[in-house]
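Chains A and B supply the protein sequences, listed in that same order.
Residues 1 to 275 in this note's numbering are what the first sequence spells out, letter by letter.
Residues 1 to 304 in this note's numbering are what the second sequence spells out, letter by letter.
In short, the hints are calculated from the structure, not lab data.
It is possible that some hints are incorrect.
The calculated lysine to any residue pairs, modelled on SDA-like cross-linking and capped at a C-alpha distance of 20 Å, are [said to hold, decoys possible]: (1) LYS135/B - SER161/B; (2) LYS135/B - ALA88/B; (3) LYS135/B - TYR172/B; (4) LYS135/B - ALA125/B; (5) LYS24/B - HIS206/B; (6) LYS135/B - HIS169/B; (7) LYS135/B - THR86/A; (8) LYS135/B - PRO50/A; (9) LYS24/B - ARG201/B; (10) LYS135/B - ARG84/A; (11) LYS24/B - SER218/B; (12) LYS135/B - LEU87/A.
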Amino acid sequence: MNALMAIAGQEVRAGLRNRWVAATTLILAALALSLVLLGSAPTGTVGASPVAVVVVSLASLTIFLLPLLALLLSFDAIVGEAERGTLLLLLAYPVARWQVVLGKFLGHAAILGLATVVGYGAAGALLAFTGAADAEAWTAFAVLIGTSVLLGMAFVALGSLASIVVRERPTAAGLAVGLWLVFVLLYDAALLGLLVLDQGATVSGGVLDALLLLNPADVYRLINLTGDGAAALLAGMSAPGEAGAIPVAALYAALAAWIVLPLGAGVLVFNRRHP
Amino acid sequence: MTPSIVLDGVSRRYGGVTALESAKFQAEAGETVALVGHNGAGKTTLMKLVLGLIRPSDGTVRVLGEDPAGRHGARVRSRIGFLPESVAFHAAMTGTELLAFYARLKGAPRAANAELLQRVGLAGAAGRRVGTYSKGMRQRLALAQALIGEPGILLLDEPTSGLDPESRHQVYETIDALRSRGALILVSTHALAEIERQVDRVVMLHRGRVVADGDVPSLRRQVPMPLRVRLRVRHCTTQRVLDRIEGAEVLDRGEEHLLLAVMPERRADLIHAIDGLREVIEEVEIESPGLETLYRHLTRGDAA
Chain A
1 MNALMAIAGQ EVRAGLRNRW VAATTLILAA LALSLVLLGS APTGTVGASP VAVVVVSLAS
61 LTIFLLPLLA LLLSFDAIVG EAERGTLLLL LAYPVARWQV VLGKFLGHAA ILGLATVVGY
121 GAAGALLAFT GAADAEAWTA FAVLIGTSVL LGMAFVALGS LASIVVRERP TAAGLAVGLW
181 LVFVLLYDAA LLGLLVLDQG ATVSGGVLDA LLLLNPADVY RLINLTGDGA AALLAGMSAP
241 GEAGAIPVAA LYAALAAWIV LPLGAGVLVF NRRHP
Chain B
1 MTPSIVLDGV SRRYGGVTAL ESAKFQAEAG ETVALVGHNG AGKTTLMKLV LGLIRPSDGT
61 VRVLGEDPAG RHGARVRSRI GFLPESVAFH AAMTGTELLA FYARLKGAPR AANAELLQRV
121 GLAGAAGRRV GTYSKGMRQR LALAQALIGE PGILLLDEPT SGLDPESRHQ VYETIDALRS
181 RGALILVSTH ALAEIERQVD RVVMLHRGRV VADGDVPSLR RQVPMPLRVR LRVRHCTTQR
241 VLDRIEGAEV LDRGEEHLLL AVMPERRADL IHAIDGLREV IEEVEIESPG LETLYRHLTR
301 GDAA
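Looking at chain B on its own, in the form it has when it is part of the complex (with noise of 0.2 Å):
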């Protein structure tokens, strides 16, 4: 089966600016992939050349083996459902008119639509007018007409920025019910931790490269990364928790307190050690490192 999405060695640049250099990235149906990056990586250069909105200046762009920015584009899109990162619509209209107007676009029957705007709750307020509604309102209105037409392929670009956690909450699990659907997701954040259960891969864009792509548990075995472990001890005892746990960096020591880091290949020897300190440890907290913590790890030194 050929992937749905695929990169090849496409840059974009914009004038003297490199919004995305030599990518390559495929994604295929049923994948849920996170594409992470700060501000200005090339998450938004990169979907927006899966719409063919924009050419690559180098390289070549498929989607469902068309060229989107080709002749076949709008066939392309047809099967597409977007959120752009800053959504907006015509004020005075409603909620009901204007997904009715997005789906006439598509050519999807409108009687879908009333279940879409219940799907993101917004069925008590399809019928006021979309000034009215709250930004958290207008995001679901946004994510309920990138549904529009079940698409196969949806691009979500920051799908949660701004929103509160219940909004937010409600997002994810719109997305946990279209990847049992079987679309291919690619959702662009840089709340990582978030998302990080939610996603099949993560591909990790700096600059306008691609520094990471793979599933979560390999990209954490890719760069080794210390767990943290944050203890309470009984006064003047730090000395003695530290004869007992072998191979610990101390990152910060205070009379009472101790910061370590402890490789993770050590976790048990660690937690063992802890439970024959039972008597002078009042606290342990154990940190595992997050994407976040990779995704610094790999853009360090490279953050001017």
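Next comes chain A alone, as it looks inside the complex (with noise of 0.2 Å):
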């Protein structure tokens, strides 16, 4: 255990050093902050409250954003060490494989966790500096900042899997942009074709739902824009087909298996890899 933590707390300080930890936070506070300061202006006379307004906007962005600066953090974490030649030195200490693994991760996530809860906290400060909203509102930014670290765990962990399954630096980074673009673009533009293609002939509500789980991003999604908020009225975002069907505590729960599956696939590659 404490093996596993020296590992995280060394990734959360090379984190510091090297940048990361600011940079990253800078982003998130900058494009959180941008979207409360400007993105006021559509409310116009609908009637919703600002909060709701910066709920539907940034988690719309985050759902670019987030997951592209996990894959960026986590694609190095182990074919880094391999090719910079510490990995055989960390492998030497009395460490197991998965707490390499897991150590890594948690390091990585708590970078991007610090990040989005500083940077989308800072939005929040400013929004209630200016205005008040209701609870509900509240709540619903509150998801998304849980939800937003969550969804930068699952990228983490999937980078995590990148960098144990390719022998090369460049290839990992090809991976993760791949991971990115497949996630984030092709796939909901995939579903929609799908969809057009089909005519409801054969996909049902259940189908679809099935298939908007086996992204982490469309979870995150269904999450922060569907549901009954007042975030979801002004999302304009009805659940498709029947996938408000789909209980909340589902959802969590397939967010969650996109963190644990790509680790727990992470060590057992990683288990049988020689150094």
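Fit the two chains together into the complex; they arrive one by one in their own frames, and the hints show the way.
Written out as structure tokens, the structure reads:
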């Protein structure tokens, strides 16, 4: 356990040292703050609370940005150590392979989680300062921050897996970009194409639900933009198909699975690796 | 007492390449053993097996009575200090930070780190980023991390490669100090001549096979290796000299110089003969064959 925390702590320290923490916090804070300052314009006379407006726009942008940051942070985790020549020494210490994978994951998740909470939290503080909102909107904002951290963790886990399965750093980088393209851009487009082609013949609401759960970005979108809050109303996104029927707990479970499964797979692959 | 490291009929193959072939090897606490061989002879593979980083394809490895690649591998590794061949560190960390990290991994008290840095001569650079260190300093930092927690077994993979003479000397001094503390030291090298005096035993590896294993004198006896005698003599006296030195094989001959090979058991006769030729011999150089020569002899005709 000590070794696990030592590795995680070392990652965080490295992140502070090479300005990763500062950079990601600044990016996320800048994004969130600009949405708070500029984004209240479209409210017009809709009467939605400014907090709900920010939740919707921030959630949409988070889906693009946060996975990218998470993958950039984590693709280097194992393959980078292997290439620098530090992995052999690390494994010669009394640490288990899973401790290496999990320790690095925890370190990266902490960096990204901290950046998310501080960055988005700053926006929340500004919102609270400029005008009050109802409790419901604040709940949505809290959910947004929490699920953003989880989304970041899922993509850190995916990046770690990419870092373990390949032998060279550039390959891992390419794989990370590929993962981002697939999950953030291509998956939804493909799903849409499928629905158009299918015309509702075979793809039922249940199948669509299942397909949406197969992408962590979509799970995140479902949690934040559908449901029955003011944010959902504003998002104009009624749940696709019968997706609204997916219980919230199942959505969270899916997100958790997107963290646990890539990590587990990574540990299995790493255990069989010969440094 | 059971030996600390036991390799019994161990083979290790990577695909079609055999890195180690039915290697039999033992080492006990308090021993200093040199692993000698060309690049790719199997030295690093042997160390990785001892560390449990790889599993043998055949045979068994036992370190402190346990299988290092098995369930208690971590316990075994906590007793081992390892200096890898090409060592690298996170460049943004300072020497102190890195040692603290490795001490935490090993569950060793961090209080001893300052003394370790002192011992390898890095006390002055402890607060600097490792990225600013020279190669010799990085190598010494690597040695310091291997010494964390007073390990009972030390694996040093080419500890002096790429170091200047001063740093090399420091490494050998450290090895000597550790020997006196009763640690088992396994040091791989191809600078055999340098390490000869520092070790109790030499294990020679060639293409994954153990070709020789024994202490230095017994290895010397194993193969009859002639002394090389280089003489500078007065003009046109070489024949006269050759008549007096018996049993010498002439390797090279000129008008004023001779290069002879003499079997070691004739050393006394040789010196006597040279003494009798004082007036014609201007310069004498007698070279005892080192283990380097033995290694070449053992692996000769198999170099391709």
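Hints the structure fails to honour | 8
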